[in-house]
Amino acid sequence: MKKLIFLGCLSNSKYKKTCANAIKIIQSLDPSFSVLEEVPCCGALSYHIGNDTELKEHVEFVNNWFKINDVSEIVTICAGCYNYLTKYYDQFLGNEFNIKVRHFLQFLAEPNNFSKLNLKYSGKKLKVSYHDACHLRNAVVPIIEEPRQIINSIENIELKEMENNRTNSICCGAGGGVYSIFKQGSDYNSKLVFDQLNRGKVLLTACPFCYTAFTRIKEENQIKKPVVKFEDFIIKIMEGVDPLIE
Amino acid sequence: MNESGEELYNIVKEKIETSQKEGTLENQFGNFWKMACTIKTRQHDMRYLYEDTSREFVDRNRENLTEMREEFVKHMDLYVEKCIDIMRKKNFIVHYAKSNEEAQTIFMEELGDSKIIYKSKSTEAKDIGIIDILNKNNIKIKETDLGDVLVQLFNYTLPSFQVGPGAHFTEEQIANKIKEVYGVELEPKAQAIVDYFRSTFRNELLNNVKVSLTSANAISAEDGTIILGENEGNISLITRATEKHIVVCGITKIVPNIFDAVLMTQLQSRINNVSFNYINLISGPSNTSDIQGMSIQGMYGAKEVVVILVDDWRTKAAKENLIYVDFLKCIGCKSCIFPCTASRAFGNIYASKYGLGATAIIRDYIHNGIEAAVNDGLFLCTGCENCYHWCPVSINCGEILKSMKKEATEKGLAPLHLEQYKEKIFKDKNPFL
Chain A
335 MKKLIFLGCL SNSKYKKTCA NAIKIIQSLD PSFSVLEEVP CCGALSYHIG
385 NDTELKEHVE FVNNWFKIND VSEIVTICAG CYNYLTKYYD QFLGNEFNIK
435 VRHFLQFLAE PNNFSKLNLK YSGKKLKVSY HDACHLRNAV VPIIEEPRQI
485 INSIENIELK EMENNRTNSI CCGAGGGVYS IFKQGSDYNS KLVFDQLNRG
535 KVLLTACPFC YTAFTRIKEE NQIKKPVVKF EDFIIKIMEG VDPLIE
Chain B
94 MNESGEELYN IVKEKIETSQ KEGTLENQFG NFWKMACTIK TRQHDMRYLY
144 EDTSREFVDR NRENLTEMRE EFVKHMDLYV EKCIDIMRKK NFIVHYAKSN
194 EEAQTIFMEE LGDSKIIYKS KSTEAKDIGI IDILNKNNIK IKETDLGDVL
244 VQLFNYTLPS FQVGPGAHFT EEQIANKIKE VYGVELEPKA QAIVDYFRST
294 FRNELLNNVK VSLTSANAIS AEDGTIILGE NEGNISLITR ATEKHIVVCG
344 ITKIVPNIFD AVLMTQLQSR INNVSFNYIN LISGPSNTSD IQGMSIQGMY
394 GAKEVVVILV DDWRTKAAKE NLIYVDFLKC IGCKSCIFPC TASRAFGNIY
444 ASKYGLGATA IIRDYIHNGI EAAVNDGLFL CTGCENCYHW CPVSINCGEI
494 LKSMKKEATE KGLAPLHLEQ YKEKIFKDKN PFL
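Protein chains in written order, with the working numbering: chain A, 335 to 580; chain B, 94 to 526.
Do not take every clue at face value.
[To be verified] Derived pair list, reagent style DSSO-like, types lysine-lysine, alpha-carbon separation capped at 30 Å: (1) 336/A x 520/B; (2) 390/A x 517/B; (3) 114/B x 350/A; (4) 522/B x 337/A; (5) 133/B x 552/A; (6) 495/B x 559/A; (7) 133/B x 336/A; (8) 396/B x 421/A; (9) 517/A x 446/B; (10) 558/A x 570/A; (11) 558/A x 421/A; (12) 336/A x 522/B; (13) 358/A x 522/B; (14) 517/B x 434/A.
No lab work stands behind these hints: they were computed from the structure.
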């Protein structure tokens with residue numbers, strides 16, 4: 335029986351450092367979690383463009399891979415994978431899929447782990463803003479309060495809510511592949527998110543897709559405020575490094 | 094992606110490019126729309142008029158409303174039968190049309206020799222093809238809602254927001270247009286423009302209307318009462334100072350009883366942060382019993398009230414559990430458009446001839462198929478489901494659009510980039526390799 339850290343294709347391909355950070359945090363709380371090589375894509379990005387037969391075939395393939403590798407539990411750091419594994423795997427496979435899936439933030443917020451975390455920030459009082467990703471807030475078991483609980487527990491860190499938060503948050507605008515298909519004009523919503531940062535010194539995100547969109551829009555528009563992935567933020571706090579450095 | 098997929102992709106891309114260029118009509122609308130979306134969604138949490146915010150109002154009523162609509166969809170045929178029965182007893186002339194074509198024929202027969210019709214704002218009339226058939230028969234359509242009057246005045250043909258279709262025209266533009274069309278010089282101020290239409294058009298509405306057309310916000314199945322909310326008074330005038338008032342709407346406008354109808358109208362007002370200064374409850378044609386207790390029809394108000402209830406796609410969607418079956422619950426509040434990611438960014442590019450946003454695209458899909466939906470910007474939907482979170486009857490347009498995207502992909506209409514993603518996922522098991 336294996337407990338798998340499911341990194342997700344995007345993070346695993348483009349954000350290696352974040353993956354390493356996430357693995358470090360998860361294993362510090364539960365050393366029985368590990369990563370595996372050659373993990374297949376969960377299929378999340380294909381749901382709206384695949385037909386039911388090919389989608390089912392794919393999730394069956396992935397489920398079979400889980401079985402072969404004796405996976406019984408998953409903690410994923412990808413918002414998209416979490417949403418897809420918990421919603422559509424159940425829809426396509428029913429009882430055939432019986433793996434316990436949690437998101438990184440849920441895992442951290444669990445009483446056992448949360449008490450072990452004990453995060454302290456020794457720098458000057460810092461105001462942060464958290465962006466609710468669609469994948470997390472729309473999931474079958476939505477992840478909305480967990481990141482807030484974690485942020486609020488950190489000494490010297492204050493959460494500054496954006497005007498649009500929780501189920502009312504503004505989508506980064508890149509979902510559905512919109513940014514890659516129709517680049518022009520699709521950055522409008524991301525800019526709105528930055529506009530709402532107000533007193534927050536940093537934009538925290540727990541979704542690698544949103545992160546990709548935000549950093550791109552930030553560069554294109556010379557926006558100064560940093561965007562930091564939740565995993566990187568936590569590790570920086572743990573290691574006493576300035577969390578504002580991207 | 095096949096040839097028509099490529100063609101549609103290029104059409105949408107060109108439309109976006111046009112909308113990004115300053116000075117174009119699309120750009121003017123887009124800028125207005127971005128502002129409207131920000132203000133409107135901000136108003137959801139404001140407490141400027143009532144004790145509660147509109148979000149609190151919607152949240153408090155969502156469960157009941159969703160249940161009410163689900164119950165209606167489940168027993169649609171029974172509610173329709175009950176509604177028609179009571180309406181006929183109350184001297185409405187009621188027609189049940191199985192298809193849009195049938196509704197159009199009935200409508201033209203009811204219109205008779207009249208060559209002109211005065212109408213209120215109505216998405217249903219567009220959905221049922223009444224506007225098309227009127228145009229085809231050279232019947233003059235006189236819009237009466239000021240927003241639609243302006244749209245007609247400007248001969249504006251791009252999709253616009255159904256609730257305020259002319260709201261993006263500036264005071265200067267309107268004053269100039271009035272000078273150009275009517276030769277009247279006005280101060281470019283909203284008040285002066287309103288005064289102008291009040292002094293000219295109001296008389297016409299009071300004296301000249303023979304046949305009028307409206308939809309309904311809701312119809313109560315229990316007592317056959319039609320409910321129509323408005324703020325200008327145009328509906329009040331054209332439904333009273335007329336010979337014949339024709340109501341055309343889909344059967345999904347029916348609700349179990351009058352309380353549900355009032356709640357729905359109230360919700361439409363609260364969720365859009367607009368006021369219905371007049372709420373019309375119409376339970377039959379004008380009538381008097383003041384001479385010997387004899388009931389005589391046609392006193393001061395409409396002599397006849399004709400109701401054309403249209404099924405078309407509706408029963409089929411419920412029976413066959415079609416991908417848009419959830420859309421049957423829609424109460425037409427149109428509030429899903431403000432928080433929509435695609436709508437905010439792309440304004441009237443993410444739209445159809447039925448109006449802005451996902452629901453207008455779903456209507457286009459129902460009547461004109463998947464190619465029409467792709468042309469309307471189907472692939473601009475990010476799937477964020479903001480529409481669902483805000484919907485007072487819990488319709489997930491995001492999921493409906495996902496199913497539409499699947500159909501588009503099967504027909505070779507999905508943008509190339511997405512197809513490549515899919516290939517990589519299914520073959521390489523990693524789209525980012």
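Here is how each hint holds up against the structure:
{"no.": "1", "hint": "336/A x 520/B", "result": "26 Å, holds"}
{"no.": "2", "hint": "390/A x 517/B", "result": "16 Å, holds"}
{"no.": "3", "hint": "114/B x 350/A", "result": "40 Å, violated"}
{"no.": "4", "hint": "522/B x 337/A", "result": "21 Å, holds"}
{"no.": "5", "hint": "133/B x 552/A", "result": "26 Å, holds"}
{"no.": "6", "hint": "495/B x 559/A", "result": "34 Å, violated"}
{"no.": "7", "hint": "133/B x 336/A", "result": "50 Å, violated"}
{"no.": "8", "hint": "396/B x 421/A", "result": "56 Å, violated"}
{"no.": "9", "hint": "517/A x 446/B", "result": "24 Å, holds"}
{"no.": "10", "hint": "558/A x 570/A", "result": "20 Å, holds"}
{"no.": "11", "hint": "558/A x 421/A", "result": "36 Å, violated"}
{"no.": "12", "hint": "336/A x 522/B", "result": "21 Å, holds"}
{"no.": "13", "hint": "358/A x 522/B", "result": "26 Å, holds"}
{"no.": "14", "hint": "517/B x 434/A", "result": "27 Å, holds"}
Checked against the numbered hints given earlier, the structure breaks hints 3, 6, 7, 8, 11 and satisfies all the rest.
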